[in-house]
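S.K.: Spelled out, the chains give:
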Amino acid sequence: MKHFTKVSDISDIDALVKRARTFKGNPTAAEHMGQHKTLILVFFNPSLRTRLSTETAGTRLGMSVITMNANQGWKLEFEDQVIMNSDRAEHIREAAAVISQYGDVIGIRTFPTLTDRDKDYQDHILNSFIRYAQVPVISLESAIRHPLQSLTDVLTIEEFKKTKRPKVVLSWAPHPKALPQAVANSFVEWMRATDADLTVTHPEGYELAPEFIGDVPVEHDQQKALADADFVYVKNWSSYRDYGKVHTQDNSWMITPGKMDLTNQAFFMHCLPVRRNVVVADKVIDSPQSLVIHQANNRQWAAQAILEHLLNQ
Amino acid sequence: MKHFTKVSDISDIDALVKRARTFKGNPTAAEHMGQHKTLILVFFNPSLRTRLSTETAGTRLGMSVITMNANQGWKLEFEDQVIMNSDRAEHIREAAAVISQYGDVIGIRTFPTLTDRDKDYQDHILNSFIRYAQVPVISLESAIRHPLQSLTDVLTIEEFKKTKRPKVVLSWAPHPKALPQAVANSFVEWMRATDADLTVTHPEGYELAPEFIGDVPVEHDQQKALADADFVYVKNWSSYRDYGKVHTQDNSWMITPGKMDLTNQAFFMHCLPVRRNVVVADKVIDSPQSLVIHQANNRQWAAQAILEHLLNQ
Amino acid sequence: MKHFTKVSDISDIDALVKRARTFKGNPTAAEHMGQHKTLILVFFNPSLRTRLSTETAGTRLGMSVITMNANQGWKLEFEDQVIMNSDRAEHIREAAAVISQYGDVIGIRTFPTLTDRDKDYQDHILNSFIRYAQVPVISLESAIRHPLQSLTDVLTIEEFKKTKRPKVVLSWAPHPKALPQAVANSFVEWMRATDADLTVTHPEGYELAPEFIGDVPVEHDQQKALADADFVYVKNWSSYRDYGKVHTQDNSWMITPGKMDLTNQAFFMHCLPVRRNVVVADKVIDSPQSLVIHQANNRQWAAQAILEHLLNQ
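Residue numbers (our numbering), protein chains in the order written: chain Y, 1 to 313; chain A, 1 to 313; chain W, 1 to 313.
This is chain Y alone, in the form it adopts within the complex (with noise of 0.2 Å):
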């Protein structure tokens, strides 16, 4: 069975992008096609983007959609063999496969625990999903990818750019709070496979899991590193060595209007929520270059297209 989860389930990357610029062009393009069937969300975490863009996607293919708010109240079970009398009242292989009963495609976000790099690691939540699911499943982010993000990334990338192959940078920012690594390994992943010209961007420290940079230039002067950039990502991330640590909020990391100067006249791109004046300036992110709503909007063509490739198995 199909699920998406990661670049390596898409066999032609082209091809979704190209259908997701279909969808943007022409939202009713296929709006029977998911007719009489439902698409569940399961939210172990809060979303805005998510949920609206997926929703809206699924609907534009004449699904049914229902969103749960799993955060509050529904414990779940992972492990095997245990004796259930703690606090977590129901296991995922029940979990799993009942929502499978009532939904042709489930969606599921959850985050990592930013401790156990082991079991984030291992995505254990939503391969426990998979495993027990009887039903196409979509991630709307896991503890170690945001697919449906980075698939909206190369959609946008393959909108702007201006060359055939433009040098996209990777920056790491800083950020008050301990965050994933969930975009960064997934935006890597996905420039990787579509062979892009990137470069990463961080403090010592920050390195990305080895499976995830693989052979990616990393350059630890920021400067250097923008020097020409056609596209610059910005993300802020928690340390994977250290793991879940943040080690330094230093502010000459937030990317300003002098440092765009640096590049090719680039396009500034985030995933949001960004916190302003701290990620970005915002003079940067309130230029014509900036790229973060287009983002926001491409999301729902991207999750559109993934619908359809689900639905058509």
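Source of the hints: derived by calculation from the structure; they are not laboratory data. Just to be clear, a hint being listed does not mean it is correct.
Which copy? The list can't say, so a pair holds if one copy fits it or any two copies do.
Stated by the list, open to error - Using 27 Å as the maximum straight-line C-alpha spacing, the simulated DSS-like pairs for lysine-lysine come out as follows:
| id | residue 1 | residue 2 |
| --- | --- | --- |
| 1 | Lys283 | Lys75 |
| 2 | Lys37 | Lys24 |
| 3 | Lys37 | Lys18 |
| 4 | Lys2 | Lys164 |
| 5 | Lys75 | Lys177 |
| 6 | Lys177 | Lys164 |
Starting from the known structure of chain Y, arrange chains A and W on it as the hints suggest.
M.R.: Only chains A and W this time, still in chain Y's reference frame:
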């Protein structure tokens, strides 16, 4: 762009009320006009009637409706040029623009602080959404107005009035909690715009804001005010002058059968929810003269007329 | 007006079960019969299966479905003639009448107090809604009954039974928390109404209310009860006599493979969620004889048949 937040947003109230009555008689009169459009309702404060009636109204126009309870965990920054390192993770600039990507009409429910009068009376949150939204915004009750309720009340009076220009009395009533002035402000605003014969009665210290009360006669003797009334609209509000304070819970202001005897067999109105035997005696609200359930019913037709009005632009 | 809260609301159970089976084979068999109608589901207590299955059922009949989580902040007053100056902001009289303005069918989920037996067994909240609602009410589990579950169970037994009148055993099982008697009460009620060959087994002190158990044989020796069973329905409940108390968590009452060996190759049933290795051993619930996921699936067809039944009046 047309929005709906106050009476002055409407150029022809009579036509709007007439259209609402059309929908009441024929709920499916425009069942395809909102097809392929999405209505997103954002509740920063909880709601029963407004949510159900507005969802129903949108659905009857063929819209998809998504309701977000934003009162938990979605903390927005409304100030400009601030360094966002507090607990407010998203700026209204992005939030409003992003929701605009997914919705064709956005509804916003928000309450006043009841502590910061200036900010409340600037209708800070609602107006920030309007400023940064890219689609029409509908107020689902703001810090200082509740226009969908007021349009409903105009519609209800129109249905039940026995004379061309009935006497309408808005009476303050006691309540154990500090409540907004929104319903009272808005009711007065709409009564003035429709040239109703309005009298307001309340204890000293509960004067409404000058911009709302205007030259409407205020009578501090409730019994005198009620004489010959055709409609008695009852509502508690906290003090505007001594902002957000509860000066009195004087139960002699409760609406009783004896007080209704002073009227011209008046109809009793309240927007609900209502505290029985605090705001109004059981015998009044349970009498045939009580219109409270009719008002609740009319909420949906008012909302449907307004949504159609906003879609028609 | 027809409601659905207990078995005696149904005059022809066989026809209803047959209709549910029709929907299972042909989910769109009546896809327009609920067109332009709204189903409003009010959850005073959380729900997974009931929400998803009832929403799906309503949608398949063409209804619009609105789900309200009323467990946070919507405190209703149920007593008459009270001075409402507590934290209960709305009276059931208004609440039920208002929801009736927007919905064509209202579903209510509520749980018992497990402290006030008299009030619970009057099914106070559900019956108050019925009294003041102006449209059909469907119980989504009340203080003392869970009729959608029971109809599902009748349907499931009908599908899997190998003899005309199979032996059905309802067995109490241990649980760390005090649970309602609703599922057990309701199951017994429906088994009696369908003239099943039912035996109930539980430890002393867990006797069900006399009006529910009636003349059904009770066997305190679980192993004796299980002999030759065709269906083993397992469920924990707290004490009715010593109301709401947990007398024992005696794990010798757990359903194990050894106990299933005493039966006539019985099917295992449970309404879910279930505590593995507390209520039932992994090997039983994971065996081919386990019907728990079939039961979950059947919830939607039972709900669809009931909704159609209520719309047909």
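S.K.: Next step is simple, just say for each hint if it's right about the structure.
M.R.: Hints, verified against the model:
In this assembly of identical chains, Lys283 and Lys75 lie within 27 Å of each other by CA distance solely across copies; the values are 23 Å between and 44 Å within a copy. Within a single copy, Lys37 and Lys24 get their C-alpha atoms as close as 22 Å, and across copies as close as 15 Å, so both meet the 27 Å cut-off. Within a single copy, Lys37 and Lys18 get their C-alpha atoms as close as 24 Å, and across copies as close as 24 Å, so both meet the 27 Å cut-off. With identical chains, the CA atoms of Lys2 and Lys164 are never at most 27 Å apart, being 31 Å at best within one copy and 42 Å at best between copies.
For a Cα distance limit of 27 Å, the shortest separation of Lys75 from Lys177 qualifies both inside one copy, at 25 Å, and across copies, at 15 Å. Taking identical chains as interchangeable, the C-alpha atoms of Lys177 and Lys164 are never at most 27 Å apart, the minima being 37 Å within one chain and 63 Å between chains.
Going down the numbered hints, you'll see the structure goes against 4, 6, while the others check out.
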